[in-house]
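Number of protein chains: 4
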Amino acid sequence: MKKILITCFEPFGGEKINPSEEAVGKVSAPRGCELKKLRLPVRWGEAQKSLFDAIDAFLPDAVLMTGQAGGSSAIRIERVAMNLCGAIKDENGLYATGGTEEAELPIREGAPAAYFSTLDCKKIQNALKAEDIPAVLSYSAGTYICNYIMFSALDRFACENRKISAGFIHLPYANCRKDGAPSMELDVMTRALEIALAQIILGEKL
Amino acid sequence: MKKILITCFEPFGGEKINPSEEAVGKVSAPRGCELKKLRLPVRWGEAQKSLFDAIDAFLPDAVLMTGQAGGSSAIRIERVAMNLCGAIKDENGLYATGGTEEAELPIREGAPAAYFSTLDCKKIQNALKAEDIPAVLSYSAGTYICNYIMFSALDRFACENRKISAGFIHLPYANCRKDGAPSMELDVMTRALEIALAQIILGEKL
Amino acid sequence: MKKILITCFEPFGGEKINPSEEAVGKVSAPRGCELKKLRLPVRWGEAQKSLFDAIDAFLPDAVLMTGQAGGSSAIRIERVAMNLCGAIKDENGLYATGGTEEAELPIREGAPAAYFSTLDCKKIQNALKAEDIPAVLSYSAGTYICNYIMFSALDRFACENRKISAGFIHLPYANCRKDGAPSMELDVMTRALEIALAQIILGEKL
Amino acid sequence: MKKILITCFEPFGGEKINPSEEAVGKVSAPRGCELKKLRLPVRWGEAQKSLFDAIDAFLPDAVLMTGQAGGSSAIRIERVAMNLCGAIKDENGLYATGGTEEAELPIREGAPAAYFSTLDCKKIQNALKAEDIPAVLSYSAGTYICNYIMFSALDRFACENRKISAGFIHLPYANCRKDGAPSMELDVMTRALEIALAQIILGEKL
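Quick mapping for you: the protein sequence lines, in order, are chains X, V, W and P.
So the first sequence is numbered by the working numbering: it starts at -10 and just counts up by one.
So the second sequence is numbered by the working numbering: it starts at -10 and just counts up by one.
So the third sequence is numbered by the working numbering: it starts at -10 and just counts up by one.
So the fourth sequence is numbered by the working numbering: it starts at -10 and just counts up by one.
To be clear, the hints were calculated from the coordinates, so they are not data collected in a lab.
There are no misleading hints in this set.
No distinction is drawn between identical chains; accordingly, a pair holds when it is met within one copy or between any pair of copies.
Cross-link-like lysine-lysine pairs, in silico, BS3-like; alpha carbons within 25 Å at most:
| # | residue 1 | residue 2 |
| --- | --- | --- |
| 1 | Lys118 | Lys78 |
| 2 | Lys(-9) | Lys25 |
| 3 | Lys78 | Lys111 |
| 4 | Lys5 | Lys15 |
| 5 | Lys167 | Lys5 |
Make the full structure from the sequences, and use the hints.
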């Protein structure tokens, strides 16, 4: 029985829903998997603490993180996370410094510039495409909380030398929008996450 | 009391819903307006007959036709309809000839090449933009049943010299899609149609 | 020997060149064709006068008009011209009224709403695609001088009941731009016009 | 007098020119700068060797690498290079393994996952925007030879603990194309590189 922690985010930026929360809420645990679902806040610091607490309590074998990529029209499987908090205000109205003065800074001073996902991203992409779900490999998870969380998990597992596979999947909007932006059926995204979980159970990369 | 006929289409091309049917279904008649709703088939010939029958029975002062513009991310207010049935198979699998051999033909042999919408498209666009609803003027309603219906109504009113204002509004998808295409909130589109109706009541162009 | 008048436009809107002028300048007359080249001003009124004067002097069997479609990444073969001067200031800084007050008006009061191109647009598109040149059929030539000129020619030939085939082809930018917009090789566009001319000689639609 | 090595690439993928070669060829050395220009092959292994040889011979204070980002409509200033040779055949028809069997592999086994550019990318972007040149920060330099060269330089300077600032700038196409893809004026791109060089001379980040 493999223990997998799957995370999503709360709505942010004025959105009423976050596709990651909707899809994760509907995901069924594949056979052979004990699944723990966790909703993270879109706040520097707090998001990381919440993630780390859940890892300590649940002791997962793998962590699949998910988030919203507004404007994307495909599932994005992130291959790499950077050691960078962009100059973006979080839901508390604060930069990663905890202050209101615009600033960009490393996620962890002294940590490597980046980590690769330890999921088999290509295998997940192929499995999605086999079911005609639009899916791309992405080489940048952005500079906001999604990248922050992905980097934080990979950095911690690397530092502690723990064999926990971890990676991130970005989802398009799950709701029709006033501005006519691209969106994707929630059922398709839910299915995409179940396909990814099934691939993780089959044998992660690490 | 102004009588307005508002039309929409059935789902087509394998879609489960048609945004025009969804939005028209939810539209409330603005004050001073008796509203008649009509769903048209996506079939050459039948769509026109159904429209003409409703016009004969209801005797509207204005006709607002609506349809789906898949892939669009804004409300499209059509300014002109062409005398052309494109070489496109309808839901019966037939071309406008009624046959299966690829063919393009005029909607009515001997009719003018085109008619302008007799709605005040610019005023409707301005009213939509005043409520931050993405709206563009369009100078081509395509070559399928939407253009066919718009042309048919305008042609008939011109031939009979009847002062009935008529025009067409294209709507983006109303549902999230597997392919991540643009879509728009149903409530926004419903509101857009109510705004258009209110403008039509205020005084049409003709 | 078929006489064909081919027209292009001067640069406008601050551009240094107009792709239509560049391409028409390089076009060679296909065999069996006497070709007359004409550069038109981007000015309401003057453009039409210049076109009509050339038609009177040259007495062509066919007229191929060309212009710039900034932002397009394909050759656009226009199927229809509308009886509409959009509310756009020309190179003299004037609207189609000849004044500076924003106004939209018909090209010719009392004329039909539109004319179809009397070239065989589909045949031209197929001939272009056969040489791997990106080409689309377009159902709107816009509301500026290109549409104005196309309508003017078709309207005049219809009024005078003259069997002169006429149509319009829009071209992408021919130069690399500061804003990184799409553009197309001049040689490809020149070739495209020669292919169109060859199709016109073979036998026009009318 | 600061010594700067500026590199570009040969044309590849069937292209007749490479915008980086064209722009670098025209770049003038800003005042206070000794500029060395180097054209690199689009071949795994050889590109790196050629770069390293030039660094050894010239002993630059800074290295500005440039390449082609086909399809982009803006100057892209790369912030990060990954330790990854994508599964892409080079101009010799070989993968980074030197063989023909599809494979993805690290640029240097055991090296960090990524390095950040040691140029002040934000300052360069601001300087470009001050002259209305479209410029974006990019967080992925792709997985081909551009990323390979950027990573190789940064990795070597880090390993040898040398204070040589280095970074990469991607350029749009410099020629109009048959497929109507975005492109940018060569003079604008040449100017962009001179602006970047001036910023590097003013004081690099490191």
